[in-house]
Amino acid sequence: MSQTSGNAPVGRVVATETLPAGTHQFFFWSAIDTPIGIGAIVRVDDGAGRSVYAVVVDGKGYSDLASPLHEVVVAQGDPAGDRAPTRRTEVRLWTAAVLRQDPEEPVQPVPLADVRLATKEDVEVALRMDAYVRGERPTGIPIGVYRAGGLSAPVCMDADFLLGPESAHLNISGVSGLATKTSAVEFLLASIFQRLPAHKGSVAAVCFNVKGPDLCFLDQPGELTDADRELYAVLGIDPRPFDRVRYLAPFRADGVNLNTLRSHPDLVADVQPLVWGLREVLGFHEVLLNRDDIDAKADGFLDFLVDRVVEKEFRDEWGTTHRVQSFADLDRLFRAIFDGLEQAGRSDIWRTHHIATIRKVRNRLLNISTRCKGLVTDDGSVSDLPFGEFEDRTVYVLDVAGMDQVAQDLVFTRVVSTLREHLERRALGVDHVIVFVDELNKYAPGDGQDTYVRKMLLDISERGRYLGLVLFAAQQFRSQVHRRVVGNAGTVLFGRMDMDELATPGYQVLSPATKIKLATLPKGELMVRHPHFTQPVFVRFPRPAVMSGPTGTKRFPPSSDVSFEEAVVRQLTAMDRRIPAGRVRDLIAGRRDADVRRTLLATKRARPDDPFEYFRAALGPAVARERVAARREGVPLRSVEDPYAP
Amino acid sequence: MLTHAPPPLGAPFGSADYVEGRPVRAIDVGGAMPAPEPMAFIDGIQRYAVEGRIGLVPIVRGYVAAAALRRERGELRVIDSGAQEFIVAPLRRLTADQRTALERSGLRLLDCMGAERSHPILDVQLAAKVVEHRRERIEIDVTRRTLVADPETWLVVDGSLAGIDDLSGDGATRILGLVKSHETQFLDGPDLEVALTLPAGHRTSVFARTAGQRATVYTWYLRLWPWEDHELLHGLVRIERPPTPDGVDEATSVSRWLLSERAPLSAPDSRWDRLVYPIQQVETYLRALAGGWW
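If you're matching them up, the sequences are chains R and G in order. Its first residue numbered 1, the first sequence is counted upward by one per residue in the numbering used here. Its first residue numbered 1, the second sequence is counted upward by one per residue in the numbering used here.
What the hints contain is simulated information worked out from the structure, not anything from laboratory work. There may be inaccurate statements among the hints.
With the Cβ distance kept under 10 angstroms, some of the chain G side facing chain R (calculated, not the full set) [claimed, not checked]:
(1) F13
(2) Y18
(3) A32
(4) P34
(5) E37
(6) R71
(7) G74
(8) L76
(9) T184
(10) S260
(11) P264
(12) S266
(13) V276
(14) T284
(15) R287
Some chain G residues near chain R, calculated using beta-carbon distances under 7 angstroms [claimed, not checked]:
(16) P36
(17) E75
(18) P278
For every residue, glycine included, the Cβ atom is placed at its ideal position computed from N, Cα and C.
The shape of chain R in the complex, shown without the other chains (with noise of 0.2 angstroms):
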């Protein structure tokens, strides 16, 4: 490769009637061997003192040949044939697209100069960093080191645009299994959380553990090799994994194992339950409930029940005084209800909703409890995120990755609607909270009937960045995914995409040769748009300085589900090793599982200095059972039919 000692110049712009330099577009030729590619940065001076700095977005090659036929005649048809004495002379023509001109003002066609490769500090002016990483009150949010010519350079974003308020969100495609979306949202969070300046305030994350292992290891440490910490050096971050993770997961269908692959005796202690009773799912009903099932008439219903009765004292026609806090307690009235009717022998409406709907609607919603069990609980038992009490710099991992999609809509759903609710009111604890979900397609898809979740989406997407609500989405296809929500990403970044994907209207901006660059991008490299990047950028990242999720359930295999005993003195003698066993075991012996369930989701949820006696006195004392003499069945009612029922 040719040397360029100094900043020697690699090109000159040449300009013909068919290729003119234009102000946005110009051409320049260079050596064969040259350091020059796709994404390289350069600059053209005039002499004059104005500048114009380019990325190069395409190259061509060709020589003087008129005809593929000509090369045939000459070889009288053989390729094998013997080689012409004379390399015939041969062209490196590349087509830069501008990234600034300096000064702005007057846009003018770019000179027939020479052509230079970009320095560190002509990256910053070309990037329009210049005007973000320096002064009293820097923004700059290290990305990636730009690499060219043996050039080094960080690039970074301005957090103003990636955390609002100018714009925000970051959405991020890239193909399967590249170790590149995942990994590069964990590098982008322990960057933000390095170097977001103190002016721009506190700041969170929530992240979405949709498959897999992957978020489950973010407190450990990972494996980096001597060029991750080369770019790291660069970039100004200390490698090392993230300081605070808050790890949520749900129980498993028994209540008490932990539906995460986090569960290594040695990490599991850190896992807090995420478990929601019926106060925090049913505002989420739409949801959970099927629209074709849920007409006018059950959600007339539904609206009655969070209005009038939920979390409120009700009194029936009956005399009964209802407070209903949990399912159970839902499942009282709604007995009650059909008690109080068959017993009148009168009609089969009750406060103007007909029988049939109210049995619908007690189906469908006691349904809940049984389809996301595990998360949600009958009485009222709850263990959720640290709302109103979030901490600076910490990485809250909710890993939902063993639940059904109904159950992850519903969490997906609930934390940001109630992120946004705290934030809306200045009470998070956090300044800015960044909320990251991969599979976006899933949840915004581009197509399909409009959904709960991408409405959300789609009101984060274009009102979070006020609100310091901000969406870090990852997807495989970003076509598949509604315009609006990743329209609104002031940031895009894109790994290695797939050629199919690359021939969707949405990346026609993009010249061929970037297409096929971004088909080809290997590990650790990205093609980023920023608001200030006026064309795509292509930067390397190093690995995350945290262990892998592959590596993490190698090094601590998940534990498999244990008996009900087992599994409450696993979780007590994790969080205190000098617990024993033994005495655990003693004193739940007898008591009813959902005492003991609900006394262990408190211990965990209280975090006390010490586990057991907090956990001794919340069972409280065991009480003898006392038989009740069995209850004389209802007749049914003969005039309704309950077309309804599971």
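Following the hints, position chain G against chain R.
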């Protein structure tokens, strides 16, 4: 289809002496063979234009250039070049003031020795002769410098060795003239028929012709491409070489080198059947240098 009679040839016939046997015969050279390295290629260009007239006197602006490209490991690089721009006119028909005015252009004034009587066409033809002569001179200058710089390098010059008189004193033995036009025929009768109907990959036996004022050169014909289905001169070149002791023995080797120069093809140049690619590249370089003269 032609509409006008072609201009008369300047020197349609020349004389030849047999060197490699008698009569002239066709010799199969045995196919192409890689040429030795390094090898240099020299060519020149000339341009002229009537810039205006002072009275009836044409003022011709001329431009000549020559360059040598050296080939090593397949790559051509310019090793020497020269260019001149000048004004040619029949100076005797201009006044002193008119000459002074022309000299103010900064260009050298050359006399084309026009006749006493004005002739709008003849005057320009005479000026063109001067331009052509200047081109030959600059080619010889470049050739001489190249020979001095690297006497071991084989030189291939486009055209005949017209300046051989000037080069003979430099011990130029590794120089080849590659003649593409066949205006002057040195052979006659059956010899000429053998030469003009050579099969592809064949050469004629070597013969000698007078070159310049005193010297003679060895020369032979070589058919680069089959001429069947084409006109008679298709793919036919004539090679000239100073009369060295090895001149005859090496004729076959030299012919084989030149056969290898068929690739790359110099198409789409209309002379592709006789113009070897490196010479075309010298022309391309000179045309690029000529800029506005192109």
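**OP:** Against the earlier hints, flag every one the structure doesn't satisfy and list their numbers going up.
**Re:** 1, 2, 9, 15, 16
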